[in-house]
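**Student:** Once you have looked at the hints, place chains B, C, D, E, F, G, H, I and J on chain A.
10 protein chains.
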Amino acid sequence: MNPTIKSKLSPILQKCFEAKASKKLTFADIGKQLGKDEVWVASLFYGQAKPEEADLKKLSVILDIPQQYLTTDLGTQTFFPTRGGLFELPPRDPFIYRLYEIMQVYGLPLKEVVNEKFGDGIMSAIDFTANVEKVKGSDDSTRVKMIFEGKFLPYKKW
Amino acid sequence: MNPTIKSKLSPILQKCFEAKASKKLTFADIGKQLGKDEVWVASLFYGQAKPEEADLKKLSVILDIPQQYLTTDLGTQTFFPTRGGLFELPPRDPFIYRLYEIMQVYGLPLKEVVNEKFGDGIMSAIDFTANVEKVKGSDDSTRVKMIFEGKFLPYKKW
Amino acid sequence: MNPTIKSKLSPILQKCFEAKASKKLTFADIGKQLGKDEVWVASLFYGQAKPEEADLKKLSVILDIPQQYLTTDLGTQTFFPTRGGLFELPPRDPFIYRLYEIMQVYGLPLKEVVNEKFGDGIMSAIDFTANVEKVKGSDDSTRVKMIFEGKFLPYKKW
Amino acid sequence: MNPTIKSKLSPILQKCFEAKASKKLTFADIGKQLGKDEVWVASLFYGQAKPEEADLKKLSVILDIPQQYLTTDLGTQTFFPTRGGLFELPPRDPFIYRLYEIMQVYGLPLKEVVNEKFGDGIMSAIDFTANVEKVKGSDDSTRVKMIFEGKFLPYKKW
Amino acid sequence: MNPTIKSKLSPILQKCFEAKASKKLTFADIGKQLGKDEVWVASLFYGQAKPEEADLKKLSVILDIPQQYLTTDLGTQTFFPTRGGLFELPPRDPFIYRLYEIMQVYGLPLKEVVNEKFGDGIMSAIDFTANVEKVKGSDDSTRVKMIFEGKFLPYKKW
Amino acid sequence: MNPTIKSKLSPILQKCFEAKASKKLTFADIGKQLGKDEVWVASLFYGQAKPEEADLKKLSVILDIPQQYLTTDLGTQTFFPTRGGLFELPPRDPFIYRLYEIMQVYGLPLKEVVNEKFGDGIMSAIDFTANVEKVKGSDDSTRVKMIFEGKFLPYKKW
Amino acid sequence: MNPTIKSKLSPILQKCFEAKASKKLTFADIGKQLGKDEVWVASLFYGQAKPEEADLKKLSVILDIPQQYLTTDLGTQTFFPTRGGLFELPPRDPFIYRLYEIMQVYGLPLKEVVNEKFGDGIMSAIDFTANVEKVKGSDDSTRVKMIFEGKFLPYKKW
Amino acid sequence: MNPTIKSKLSPILQKCFEAKASKKLTFADIGKQLGKDEVWVASLFYGQAKPEEADLKKLSVILDIPQQYLTTDLGTQTFFPTRGGLFELPPRDPFIYRLYEIMQVYGLPLKEVVNEKFGDGIMSAIDFTANVEKVKGSDDSTRVKMIFEGKFLPYKKW
Amino acid sequence: MNPTIKSKLSPILQKCFEAKASKKLTFADIGKQLGKDEVWVASLFYGQAKPEEADLKKLSVILDIPQQYLTTDLGTQTFFPTRGGLFELPPRDPFIYRLYEIMQVYGLPLKEVVNEKFGDGIMSAIDFTANVEKVKGSDDSTRVKMIFEGKFLPYKKW
Amino acid sequence: MNPTIKSKLSPILQKCFEAKASKKLTFADIGKQLGKDEVWVASLFYGQAKPEEADLKKLSVILDIPQQYLTTDLGTQTFFPTRGGLFELPPRDPFIYRLYEIMQVYGLPLKEVVNEKFGDGIMSAIDFTANVEKVKGSDDSTRVKMIFEGKFLPYKKW
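Residue numbers (UniProt numbering), protein chains in the order written: chain A, 1 to 158; chain B, 1 to 158; chain C, 1 to 158; chain D, 1 to 158; chain E, 1 to 158; chain F, 1 to 158; chain G, 1 to 158; chain H, 1 to 158; chain I, 1 to 158; chain J, 1 to 158.
Chain A extracted, bound-state conformation (with noise of 0.2 Å):
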């Protein structure tokens, strides 16, 4: 793993990254197990979600990690993420860069489609999913999609 993000990782997440590697573990299989989308269980193993007691205990069988362990730094009511910032922005990583990029370039028509068809709003990037699936082109290329799906929330007037 990269050292500069790892640093940015807390011992018990380090960790949790060794074991599903020695594991041979994709990110697909733990999100099977745990009965979670494979984009939130990645999220978790970079801090940027909280999981629930339920979740800490099948995590601890899947990486065979002591559940007190996870519980104590991940899972207490006195512990709750502080999110982003793991990477430079703007990002150096071409994968990152092409999602910077579209909210570059598309940001602005994607704000007035959505304004057109929902009204003055956002969609909440809390109450939020995203999913990634593998789709053939019309060439019979591969493609990634990305689905983001987040609850639309209208600007209050007061």
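No lab work stands behind these hints: they were computed from the structure.
Zero decoy hints are in this set.
If you want a taste of the chain D side facing chain C, the calculated C-beta under 10 Å gives, among others:
hint, residue
1, Ala28
2, Pro94
3, Gln104
4, Val113
5, Phe118
6, Ala125
7, Val135
8, Gly137
9, Gly150
10, Tyr155
Using 27 Å as the maximum straight-line C-alpha spacing, the simulated DSSO-like pairs for lysine-lysine come out as follows:
hint, chain 1, residue 1, chain 2, residue 2
11, D, Lys15, F, Lys15
12, J, Lys57, H, Lys117
13, A, Lys157, C, Lys145
Note that beta-carbon positions come from the ideal geometry of N, C-alpha and C, so glycine has one too.
**Tutor:** Coordinates of chains B, C, D, E, F, G, H, I and J only, in the frame set by chain A:
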């Protein structure tokens, strides 16, 4: 329209927006007549896409703007859009910021999941489409669904 | 008005400010007549809120500006404000900087207290209201009281 | 705790956080025993406030940390906190970003309303308090209420 | 006057500068007639201070500009200066940069000395005055003396 | 001491701070014994000034640190401080920010007043002194007085 | 090796560099044995490329590092490089800055020429190769020739 | 043409672009007539190169613009282009960004390979040429080939 | 002249440049007549230096511009140049960037050498001159020689 | 030595600085023995220059450090310095800032003068030397003289 953004659009695009407003057309209306998706149409209006001759012919009718005028600025073989740059970064508008936040919080998890599913590479932002749908949540709330689809490009080794 | 900010407002909003000044109206005066809070009214003048047809009807009378003129720019179904961007960040004006400083110094403590009280989530800045009150301190000094209230949005798990 | 933030806290503050976690205390619990507001207590833990001798005495009991240890780092006459700097700006965490967004979108309207109500001056961020309350919205939803109160300081002329 | 700075001043302030130049008045000259310090007068010309009705009356005579014109832009109850923002930061002009350098090099030592002398708090930049004097050095050289004085504001605990 | 600042001080300076704290000395106390101003002493502790052999001799006694140790790091002919860089810019701490704000708001007025009084040139930040005094305001309030004095350097023509 | 860059490489890559140095191998030497271009090999050493199992097998022999050690960190199905981020931007090193300068000065001309020759689209930086050659100038001087080649990706319309 | 870029070109260059468009000439067409490479010609149009008298003579004929007009602005002995500055950095347009990304990802590997091949020094960006070719990939795909060639400059020792 | 730079010069300075161009004068030509160095003259044209009455008298003759016009904008007792700010930083033009690069690469070595030779202090950039000479290298190549000379200012202790 | 800079030097360079300090050698002393200029020697110590085998041999004797140790890190054919990056930009130290200020204020004038004297091109920062001299001013003051000399590189046309 926001004067800062307006100043970044060429005169012909400003005229397109005015015609759209006075005819009370949505991007969806125009898209239906053009045979193009509403998000792509909005991109065209914001100078982020290059139309073909046939698109301009139809647009000329839809917006009631002489075709030649449209062709000169948007359709010549010597004009190609310089994309991006419509707004400051990080984005200031809350709608667009949410896309930026998704990239910040879920960018690395999405990368990992795509890499695990597709191998070492990226989702193209060029051979790419974006769509917006209105869906209902399980609690009957209104939700925004954005579907991003791009060709998977594997890293070349040489 | 500061010329830098003025240049970021559309002509119709500049006219609203001029009418307000020549009629010596405060935002509170206008708010009372509109049936809206003064902070929301000020947001409207700064292009940070979208009025409804009924608001524009009343505003037309209050400011003595033809309603159609207001509707064309602020009220159509194809116009939605692009928010933010009125000033540089970090803010240069001492008043606005104090809000920025509060966010810097107390942002993390406020996050922790809200998380402990409400769980993992955020205070919405969209389904949100802001009010200003004048209160007396224990030493009889004049104090500014700002009340921010927003819907609590819990993080979705999927 | 997020390792980036942790690295910005002095060892004694890290110990305070650990004691709080192992005793499963909230900031509200500690505040009640200290006779202080929970937001101020959280500020103290994040090194953003300076306690008095009496506060440290009580804190020593609450957290079961020898008073002398607390006094040496947090209470001497030659130690004063250097505030701010706990996270990058613009803030990356969605919770804190919402405060930043409020400042961006409503900062200028709030300034104008305060100026109209109080004259030319600012709300102090030093002679200042912040409180958090849980309230119900008209649709029975849960809402976060933040109350910021600061002394009004008029600009001096000379 | 530097065109970049000029573009940030409102037309009435540009006119004040022109009148001052054509009448060959220094800020000290104007200050004497206004009964105000020269630094405050210069602040007023740069849009960084708000004059009272009586100041405008006198200024109208001094600069030979109709009072009503001054009042409309600088004196209404609905106009309040938005301060700062006249130049880029870090400052590019060597004079102003030296103030920035003093803040960089001596800012922390000044903070520590003030904290030790006054306790935990700050020097207000609002309830604040600045004066400039010409003094002689021990080697008979000419020295600039700047005197900054602001109310001490102790941090509130709550 | 704030761990971020601490990490920017050399080990010998960290030791000086510790000795000062354990002996409960203020910068004023040390200054009196050194025959130097307290602000200069604080600058020395923060690595912003270069002491002479004689200063180190006295400092060794005051802080009870072997002189040789001090000389090796702070006093050799091949060591000269690299100034600045102790904190991020714009400054995050409210105390230091106020100096930054004064520079922003009053920097240009101060420049103009100095130019009018002294001609085209600057106030040196090298041949420079800074002092802090406690004064009473007309309303009996406590006020901080900072006196900055620097040689006037006229621009050379060639 | 520059300590800032070194700290951004994982321990296994640091070891690769050490082995390369102690064996006095150039990237060209290694490339010849690997059957890969020297630029791609250098990218691999800097963590900017992902090797295949077969590459690691050969690398293990060339550098005399146990294959398993290389595989664990560089070759697993759950490790994919996060690219970029090795140095600050704008680049500080004069060599790399020249590439940045070429992009600044000739970026727009190159875009226009490619658009005219290929239509609306980009040169991929993923399906991409880079080579370096040593050539002689007409005046017999030594010249560096860099050949960048990437797939042309036309913008999709939808 | 993008209005932001247009505003950074002098009026004579804007006229050159208009003439080129109305005559439907590509940079390759003009280059052939000028006896110069198309990339250099595009650089000239974007104000990034200085033509000689002879170039202007031919350009005057090609574009049907009076030579004197061209000479005054582009050809005098007292005019020299100030290069760079046509767009924001990091670049926002996806085409130009790819060059930036190549520099980010492959900049250090390219440096190392050049150093190993040529010694300690750089590739000049001044004594430099850039060419674009269209080539076929092994899979018959269309590929962009960019050839950068610059004099090798070894670091001087003194 | 580059339109971005032109927009930062006052109208009188733009006129000076036009007169210089139409008269085909170099800065050296003007300098000879003014009795000033060419670099200082160029600084004057770029608004970075303040001329005296006598300089303006001569300049009026050299450029054939009425003296009063020059005096009003460049010579009054109430006008002083605000220096810097003519271009973005880091500089985009390759010529100016090389000065920036020298400062980056050799700045610290130059500081150390000056400190060792002169003691703790700086080279003034105010009591400062800059000259340019054309010299021959040992290989008969043409070399640029820049000579910077400034007063040494030792740090004051107080 | 400043800990921030120290952390950017490799261990062998830190050792060189220590040896230099304990032997009380200046860069001029070392330069004389090496037969190199003191500025180049200081560059070498700061990792900004690459020594040859012969330089290391002599340096080994001068500093009493085993030659092999020096050669391994500074002299191999596979080590080349990555220059720049020793300090933040804009520079924080007043000495280095003055060079930055000179570039800001006199950069464009110097460019114009060089262009007029040499034609369209730059002064190389690679085929470049820098020297420092101590001179007397006409008023007997001590002045720093810096002499920068670099090869003139004319822009290539192609």
